[in-house]
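There are 2 protein chains.
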Amino acid sequence: MSELLAALAAIVGPVHVLTGADTAPWDSDWTGHYRGAPLAVVRPADRDEVAAVLRLASAQGVAVVPVSGNTGLNGGALGEGAIALSLGRLNRLREIRADARVAVVEAGVIVDALNAAAAEQGLMFPLSFGASGSAMIGGVLSTNAGGANVLRYGNTRDLCLGVEVVLADGRVMDLMTALHKNNSGFDLRDLVIGAEGQLGIITAAVLKLHPLPATVVTAMVAMETLDPAPGLLNALQDASGNAVVAFEFMPRSFVEGYLEIVPDSREPFDAPHPVNLLVELAAPQPGEGPGMALESVLAAAMEEGTVTDAVIAQNEAQRRQMWARREAAAEISFRRNPVIDTDIAVPRDRVADYLRRIEPRLQARDPGCGLMSVAHLGDGNIHYTCYPTRDEPALMAALRAEIDALAMELNGTFSAEHGVGLSKLAPMARYKDPVALDAMRAIKAALDPRGILNPGKTLPPAGANRTGD
Amino acid sequence: MSELLAALAAIVGPVHVLTGADTAPWDSDWTGHYRGAPLAVVRPADRDEVAAVLRLASAQGVAVVPVSGNTGLNGGALGEGAIALSLGRLNRLREIRADARVAVVEAGVIVDALNAAAAEQGLMFPLSFGASGSAMIGGVLSTNAGGANVLRYGNTRDLCLGVEVVLADGRVMDLMTALHKNNSGFDLRDLVIGAEGQLGIITAAVLKLHPLPATVVTAMVAMETLDPAPGLLNALQDASGNAVVAFEFMPRSFVEGYLEIVPDSREPFDAPHPVNLLVELAAPQPGEGPGMALESVLAAAMEEGTVTDAVIAQNEAQRRQMWARREAAAEISFRRNPVIDTDIAVPRDRVADYLRRIEPRLQARDPGCGLMSVAHLGDGNIHYTCYPTRDEPALMAALRAEIDALAMELNGTFSAEHGVGLSKLAPMARYKDPVALDAMRAIKAALDPRGILNPGKTLPPAGANRTGD
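Line by line, the protein sequences give chains A and B. Residue numbers for the first sequence follow numbering that gives the first Met the number 0, beginning at 0 and rising by one. Residue numbers for the second sequence follow numbering that gives the first Met the number 0, beginning at 0 and rising by one.
The set of hints was computed from the structure by calculation and includes no laboratory data. A few of these clues could be false.
[Claimed, not checked] Quick look at which bits of chain B chain A covers, simulated, 3 or more residues with Cβ under 8 angstroms: (1) 433–439; (2) 446–458.
[Unchecked claim] Quick look at which bits of chain B chain A covers, simulated, 3 or more residues with Cβ under 8 angstroms: (3) 13–23; (4) 188–194.
[To be verified] SDA-like cross-link-like pairs, simulated, lysine to any residue; straight-line CA separation at most 20 angstroms: (5) A/K207 / B/D157; (6) A/K207 / B/N241; (7) A/K207 / A/R96; (8) B/K207 / B/N90; (9) B/K207 / A/G153; (10) A/K207 / B/D237.
The beta-carbon is built from N, C-alpha and C at its ideal position, and this holds for glycine as well.
Same shape as in the complex, but just chain A (with noise of 0.2 angstroms):
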């Protein structure tokens, strides 16, 4: 163990092992549900630090578990007794080439910082979501993150053009092209992306760079229920040309939590509704089109009756404060325990229907559970919280057993955006095609011989594989 500890202080320097109760950063992850005290955090300087210490753990057969900014919800970066591989000290934007519109960064560089830089030319990376004051492009990458913007931005894949990727056993695989055609054999990146850590370590990126927008309107909506809203944002689309860029659902139950957990903040409308929408345009020029689609097609559902209040931001600080209380979900959601965070999609046309039918299925289990949802309604993804009566592990499972159900009933997945990790090992065993699990497994096989990267997350073990369909 200490010569295990010697020679990875001898690749990264002694000050950056750290053990002991200097792990505690990293023996949890932000919700405290997961936990796994490291044999050590290991913080290479560079590329090549990581190189080796893969190396090194590849002959002696250890585990390695990726970690950057920590900020998952599925404990995909926690790994009792492993090495923790902290990316945080790969942390330089290489190089922003404005023309080109990409950014090169390195994995340990937290999206706020290089949407900071990016400003400074008038561009910016276009993921949006809570954590992104903490997140870093290495675990962005590795759970080809979501958030608000992929309605039209498209979510971490579609963002990204290259990749620099360390192997399980060492081997640098230098995939860093800024090319938007490049047919030149197997699709390595986007199987990289998305990927966990279980195939490699990916330490730097080509991203791609979208210009500021010069034109944002931001408002928030209230409906009384939320079956016209899918034909809201297609009204929105089409008298915009296509410029929605978040189409956010927040229900009573959300608001009602902000408002606990930030208590001086101000109601959305003078009175509470249902259903609360946050709507965002932007386009890439200065121009009053957005606004005055926004207002017409507003006033239009106003006159219909299937939009009861609206109030349109009048400047940043008003739209800051629509976003704040979004993006505080994560904290919304974590407020009580016992607590079952889950992440689900359905078409985003069964949006409303699936929240209606949730409901008395999680109660006929949990008579009197709490219930909450926030959803990025432009991708059919929930947010679905769930406070159970009591902190049993078989209700706690039964319950997460009906929330996946339901989606897959509705032609839906039981994962979005935030992966799989630990939390979704069952519904993997259950739900994915078990054809597709096995060719997973043969992958993660022919790349990690030994298994060190991230075990006994996102696979679920081979027999779990659902049968007799």
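Fit chain B to the known structure of chain A by using the hints.
Using the frame of chain A, we list chain B on its own:
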């Protein structure tokens, strides 16, 4: 041998096992440059017959080469002595879901047929390339096809939500989701797309559709040099809110090639010009916006002298005429022999530089060789054609290597959109990251352990990797 044929006939029916002279349409590609008579052409009716054929082939270790429209240019769909697995009978357009903007199609559906059906619902599958009247979805997916609209809509990978794949051993992998967010394990979909049949046979897919634009404006634009063209594209994007769907470059030599093969065709302009751009803008809504943006940008460019002539199509017939010239690229390129037809990409602001620098390098190797190009300028993707003075393999290889080398020198790629097949095995070995090549081989071996799927294509043999850098 006859036992194998009998077993194949038992699966697909004797009439769908073609041998001898009946295989002629599958014995060579469209260019005639690649040849290889298959053992038999097998035409399964559906996925289950594909699976049965692969189970048989896998058990007996017989090579299987999938072929759909056979419109590829790289020899990827030919296999001397192999089972040619024709997907042409899997031609059911299972479903168009207009609200969800998706089509569920089988691999043998022809691109134009899909578009005809989508158009009835006001939608389109926005891949645009000359062979769309015979190219099938299976080949489009297996090559990650590109074309003239990638600038706006992305390549095939960006247009596919789900796939159904039969693995080498005959197992069916069902990834037929229509969801936009679905982080549930490795991205096997994007791995199979563009894999040229190495990892499995795609039998069906869920494809994204887009609204047919209500407004389309198309123009031919003349310039005296190519250097200001990227700036013109940026100006058009800025003025129109990114409404440019195509930005295609044809040099004078290309226009002359068209006049040669279509002698009664018209010149694009009254006078010949060295640079001829086909520019198209589109918007989902009816309106004057794209037309006004185009006219004002062209007026400004003519004022400053960068654009010397321009013709805007006044009706669909004129538009079709402009596109007919561009879409004849393959016929124009292959009108002479010997010919080297390539497909490289460089950053789009380096295209002019590339074309200036490649000419003397090729003339130095083969004084008097003919040179021509046509480019998806918005993607930096050049189809470069060289007509050597002699049909000598060594000379041909040297010219081809020169074309690739300069692309790599300018941070480009030796393979933009046509794929690798047989024709680019040499630059794959020379330029592709050797660790990436090894990773591809490991994945290939994991999913196709007997190596029956399209052997000899896509991946150069192990040991051919570059070394020493």
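We went through each hint and held it up to the structure:
Interface restraint, the region 433–439 of chain B with chain A: holds (6 residues with C-beta to C-beta distance below 8 angstroms; minimum three). Remark: the region 446–458 of chain B is confirmed as covered by chain A, as 3 of its residues place a Cβ nearer than 8 angstroms to a Cβ of that chain, reaching the required three. With a threshold of 8 angstroms between beta carbons, the proposed coverage of the region 13–23 of chain B by chain A is violated, since 0 of its residues qualify and at least three are required. Figure legend: the region 188–194 of chain B, annotated as covered by chain A; annotation consistent (5 residues with Cβ-Cβ distances under 8 angstroms, at least 3 required).
As the CA atoms of A/K207 and B/D157 are separated by approximately 15 angstroms, the hinted pair is consistent with the 20 angstroms bound. Between the alpha carbons of A/K207 and B/N241 the distance comes to roughly 16 angstroms, so the proposed pair stays at or under 20 angstroms and holds. As the CA atoms of A/K207 and A/R96 are separated by approximately 10 angstroms, the hinted pair is consistent with the 20 angstroms bound. For the hint pairing B/K207 with B/N90, the CA-to-CA distance comes to about 18 angstroms; that is within 20 angstroms, so the pair holds.
Note on B/K207 and A/G153: the hinted pairing holds, with a Cα-Cα distance of about 14 angstroms set against a maximum of 20 angstroms. At roughly 18 angstroms between alpha-carbon atoms, A/K207 and B/D237 fall within 20 angstroms of each other, so this suggested pair holds.
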